[in-house]
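Protein chains: 2
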Amino acid sequence: MAVTSTPAGSITDVTGVAVGHHQRTGRAWQTGTTVVLVTDGATPAVAVRGGGPGTRETDALAPENLVHEVHAVCLTGGSAYGLAAADGVMAWLEQHGLGYPVGPDVGGHQPVVPVVPTAVIFDLGRSGAFANRPDSSFGERAARNARSAQTNWGSVGAGTGATAGGLQGGVGTASTRVRLPLARPVSTEHATTSADSEAGAVEVVVGALAVVNANGSVIDRSTGLPWETGGLRLRRPDRAQRSALADALSGSAALNTTIGVVATSARLSKAEASKMASVAHDGLARAIRPAHSMFDGDTIFGLATGHAELPAGPHRLRAEGSRQHALNAILVAAADTFAAACTHAVVAAAAIGDAPAYRDLCSSALR
Amino acid sequence: MAVTSTPAGSITDVTGVAVGHHQRTGRAWQTGTTVVLVTDGATPAVAVRGGGPGTRETDALAPENLVHEVHAVCLTGGSAYGLAAADGVMAWLEQHGLGYPVGPDVGGHQPVVPVVPTAVIFDLGRSGAFANRPDSSFGERAARNARSAQTNWGSVGAGTGATAGGLQGGVGTASTRVRLPLARPVSTEHATTSADSEAGAVEVVVGALAVVNANGSVIDRSTGLPWETGGLRLRRPDRAQRSALADALSGSAALNTTIGVVATSARLSKAEASKMASVAHDGLARAIRPAHSMFDGDTIFGLATGHAELPAGPHRLRAEGSRQHALNAILVAAADTFAAACTHAVVAAAAIGDAPAYRDLCSSALR
Chain A
1 MAVTSTPAGS
11 ITDVTGVAVG
21 HHQRTGRAWQ
31 TGTTVVLVTD
41 GATPAVAVRG
51 GGPGTRETDA
61 LAPENLVHEV
71 HAVCLTGGSA
81 YGLAAADGVM
91 AWLEQHGLGY
101 PVGPDVGGHQ
111 PVVPVVPTAV
121 IFDLGRSGAF
131 ANRPDSSFGE
141 RAARNARSAQ
151 TNWGSVGAGT
161 GATAGGLQGG
171 VGTASTRVRL
181 PLARPVSTEH
191 ATTSADSEAG
201 AVEVVVGALA
211 VVNANGSVID
221 RSTGLPWETG
231 GLRLRRPDRA
241 QRSALADALS
251 GSAALNTTIG
261 VVATSARLSK
271 AEASKMASVA
281 HDGLARAIRP
291 AHSMFDGDTI
301 FGLATGHAEL
311 PAGPHRLRAE
321 GSRQHALNAI
331 LVAAADTFAA
341 ACTHAVVAAA
351 AIGDAPAYRD
361 LCSSALR
Chain B
1001 MAVTSTPAGS
1011 ITDVTGVAVG
1021 HHQRTGRAWQ
1031 TGTTVVLVTD
1041 GATPAVAVRG
1051 GGPGTRETDA
1061 LAPENLVHEV
1071 HAVCLTGGSA
1081 YGLAAADGVM
1091 AWLEQHGLGY
1101 PVGPDVGGHQ
1111 PVVPVVPTAV
1121 IFDLGRSGAF
1131 ANRPDSSFGE
1141 RAARNARSAQ
1151 TNWGSVGAGT
1161 GATAGGLQGG
1171 VGTASTRVRL
1181 PLARPVSTEH
1191 ATTSADSEAG
1201 AVEVVVGALA
1211 VVNANGSVID
1221 RSTGLPWETG
1231 GLRLRRPDRA
1241 QRSALADALS
1251 GSAALNTTIG
1261 VVATSARLSK
1271 AEASKMASVA
1281 HDGLARAIRP
1291 AHSMFDGDTI
1301 FGLATGHAEL
1311 PAGPHRLRAE
1321 GSRQHALNAI
1331 LVAAADTFAA
1341 ACTHAVVAAA
1351 AIGDAPAYRD
1361 LCSSALR
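If you read the protein sequences in the order shown, they are chains A and B.
Using my numbering, you'd call the opening residue of the first sequence number 1 and step up by one each time.
Using my numbering, you'd call the opening residue of the second sequence number 1001 and step up by one each time.
Simulated from the structure, these hints should not be mistaken for lab results.
One or more of the hints may lead you astray.
To be verified - Computed spacing ranges between beta-carbons, pair by pair: (1) B/Ala1254 <-> A/Leu366: 48 to 58 Å; (2) B/Gly1103 <-> A/Thr25: 17 to 27 Å; (3) A/Ala351 <-> B/Ser1148: 19 to 29 Å; (4) B/His1109 <-> A/Ser363: 39 to 49 Å; (5) A/Asn152 <-> B/Val1106: 28 to 38 Å; (6) B/Gly1107 <-> A/Arg27: 17 to 27 Å; (7) B/His1292 <-> A/Arg27: 44 to 54 Å; (8) A/Ala271 <-> B/His1307: 37 to 47 Å; (9) A/Arg239 <-> B/Pro1101: 33 to 43 Å; (10) B/His1307 <-> A/Arg27: 44 to 54 Å.
Treat the numbers as computed from the prediction; the structure is a model and nothing was measured.
For every residue, glycine included, the Cβ atom is placed at its ideal position computed from N, Cα and C.
With the rest of the complex left out, here is chain A (with noise of 0.2 Å):
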């Protein structure tokens, strides 16, 4: 069977996945980006669920379609407007000749095109300012300041000027190990029961980051803790801070959004990455209250980096070892880390505007 750790870490610990924060606060502007660059590549998904999305190079990433590898997703504030962060994504891509390549070579160098899927979050005038709003040169000081060390997250890079059900929204992170039992593959010519017994195992590491802009909330008002703890070790708060809480929830914004990306170190298709990035709402759905509104533009971006090999298929349903059910692993890996990640994002942000932070209205959670 398989056997998952509880969610901690970050999804940096997926082999090859880097993060990367640009924000500028103060002087009337609070808004971010965030980059997740995986230079080595990663195939991509992308599940879209909330009724007011704002994203670019969502439709190259449909199971049929060509682009079977990208080198960065985008997560910025701004709303549409800050869909142009992605330009400065692409230029440090190409810099680093990072993309689909095209053409012959010119002067020795090979020609690319990046493909940076990219998915926004609306922050407009929580600054004060609407016009103070991420460009390019956001996307490309992120993807500059990737880090596979990354230990900046709260209200960093795209969750600078993030609001989660009227309290101080944030980038949150968290990583699940999954150890898969293997199973030897069936032979067509000698099925038994022995073929399908545990050959081995492989240990897959699923990583989860959350950039929480949510009309709901991610916190519980009649406990005063998160829905979904998400591994954290969190104490009930006293009466008097969970009416302080009480007053900060009924605060809420009218748009808002999660976004995000679930990555793994497995090898999987474009289509069961796509399955990972939608069952990865779950998560959402679980840590969030309520989610995937008609004013919300909920997407999660999947990336499988692809440094674990699961068993090739097709297998036997119900085998133990299976691809299908080594997939179904990290699916549950997938729910359970995003969920993590979005309860990590309010709980490690420090407030940085109006709206107050959860560490400081509720300290005796986090004691």
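Given the coordinates of chain A, assemble chain B onto it according to the supplied hints.
Coordinates of chain B only, in the frame set by chain A:
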């Protein structure tokens, strides 16, 4: 019965639709941007059918999603890099207060977020310089240049760097008038045969704009004429011209795309506009052979300006003059008109780079 005219004219025959181009040629430039502007707003839709699409803001157009009105569609060269042109279209729309209204007035001014659905063609390197491609200024200028009496077609705007099966490609257009009989609404109390009888008629216009950068050919090399004449009166070119044409048709590029817009003056729901965009791909399939390849990003946007009211549904399925019949007549016109626009794009194009123009190779066809 619906009566449909032969395609002629232009997409700007649809009330409320204007078209603007901006292009740059010479000094190693050969690319541009075309904007379809609907300043009074239109109900949007999209159908992506190519294997290599480069798009922006298409998820917002899904029938179930929030955005029910857009003010511009951006079509551009530059492959994925060209998506930056939409930033400039957004800037122009914001300056004119056009977009999705968000939040309260700021200084007596309603803040807006324009949603600019965008698709790109691959024309990188056609000029000899891979890095010369549209940026945001191309989108802003194309929007500024928009005219409801646009007469520049062929190798202009997004068609500047286009090739079509070895010939110079371009931007083409056409329109069709459809006279739709109106049925009296079916009375739920007194449903009789006479309730379905004709009660007047409404005329709607269906217009199309196609940027043809196809791997497949618009021209049948055996006749030297377009697969679809699209209302054009053409003569069969002579043997020498057909031979020169056959040579040109073998010089096709690897990465191509046909993108465009089908617009109607009818008021349609997003789902109906989506059906219209989908069926317009049938016109593309007839006019360009082959089409919809893994290397084409074939994408058609739908726009319904709402100046003509169709009968309200529901009606009995077989009732002439019902909403379903009216919509179906629009679908037939959408395919015919988009096919005509594809043909027009190549016939109207003038030689501008390495690729020969059909009008030069087969001059006797246009006499």
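Range first: 48 to 58 Å. Now tell me if the beta carbons of B/Ala1254 and A/Leu366 are that far apart. holds, 56 Å
Starting from the range 44 to 54 Å, see whether the pair B/His1292 and A/Arg27 falls in it by beta-carbon distance. holds, 50 Å
Please test the hint of 33 to 43 Å on the beta carbon pair from A/Arg239 and B/Pro1101. holds, 41 Å
For A/Asn152 and B/Val1106, compare the CB-CB distance with the range 28 to 38 Å and indicate the outcome. holds, 32 Å
Evaluate the given range 39 to 49 Å for the C-beta pair formed by B/His1109 and A/Ser363. holds, 41 Å
Quick one: are B/His1307 and A/Arg27 within 44 to 54 Å, going by C-beta? Roughly 46 Å apart at Cβ, these two residues keep to the hinted range, so it holds.
Range hint 37 to 47 Å: satisfied by the CB atoms of A/Ala271 and B/His1307? holds, 42 Å
Within 17 to 27 Å: is that where the Cβ-Cβ distance between B/Gly1107 and A/Arg27 falls? holds, 19 Å
Outcome for the supplied range 17 to 27 Å, where the beta carbon pair is B/Gly1103 and A/Thr25: holds, 20 Å
Between the beta carbons of A/Ala351 and B/Ser1148, is the distance compatible with 19 to 29 Å? At 51 Å between Cβs, range violated.
Checked against the numbered hints above, the structure violates only hint 3.
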